[in-house]
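Counting with the working numbering, you get residues 70 to 188 for the letters of the sequence shown.
Do not take every clue at face value.
[Said to hold, decoys possible] DEER-style ranges, computed between Cβ atoms:
| hint | residue 1 | residue 2 | range |
| --- | --- | --- | --- |
| 1 | Arg143 | Asp88 | 27 to 35 Å |
| 2 | Pro158 | Asp88 | 19 to 27 Å |
| 3 | Gly87 | Val145 | 26 to 34 Å |
| 4 | His153 | Thr90 | 27 to 35 Å |
| 5 | Pro188 | Leu127 | 29 to 37 Å |
No lab work stands behind these hints: they were computed from the structure.
Don't be surprised by glycine CBs; every beta carbon is placed ideally from N, CA and C.
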Amino acid sequence: MTTPLHPLHDGTGHLEVGDVTVPLQIAASLRARTRGLLGRSSFTGALLLTPAKSVHTLGMRIPIDIAYLDRHLRVVDLHTMKPHRIGRPRVHAHHVLEAEAGSFAQWGIAVGIQLTPQP
């Protein structure tokens with residue numbers, strides 16, 4: 070069994086998904102989580118919101134893939150959300166990973182996989 074993550078802080082790194090390395094931005098502060106992907110017309114890589122149980126796409130220009138993650142960064146649910154929507158909270162979610170719609174399928178992100186962020 071994996072142990073809970075150490076507290077994450079705003080910053081950048083990368084995410085290991087199998088053999089794929091994905092650029093990662095971490096939004097741990099209230100300010101960074103509030104900003105998220107708002108107003109962007111494109112985004113390279115993924116954004117990890119922590120802590121987070123739900124997201125919205127109000128003010129977004131593009132649809133996004135959303136992975137709800139447990140405290141160990143294991144994917145518990147996936148969803149693609151169009152702009153101007155409000156997502157329901159997921160009970161077991163502690164973090165949320167966002168990326169441009171279609172990215173998760175390309176990277177191989179699926180329910181049950183363990184994600185590994187790296188500095």
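His153 paired with Thr90, Cβ distance criterion 27 to 35 Å: Once the Cβ atoms are compared, 32 Å apart, the range 27 to 35 Å for Thr90 and His153 holds.
Could one say that the CB atoms of Pro188 and Leu127 fall in the range 29 to 37 Å? holds (31 Å)
Given a hint of 27 to 35 Å, does the C-beta separation of Arg143 and Asp88 actually sit inside it? violated (19 Å)
Using the beta carbons of Pro158 and Asp88, state whether their distance is inside 19 to 27 Å or not. Violated, at about 32 Å.
Is the distance from the Cβ of Gly87 to the Cβ of Val145 consistent with 26 to 34 Å? violated (18 Å)
Checked against the numbered hints listed earlier, the structure breaks hints 1, 2, 3; every other hint is satisfied.
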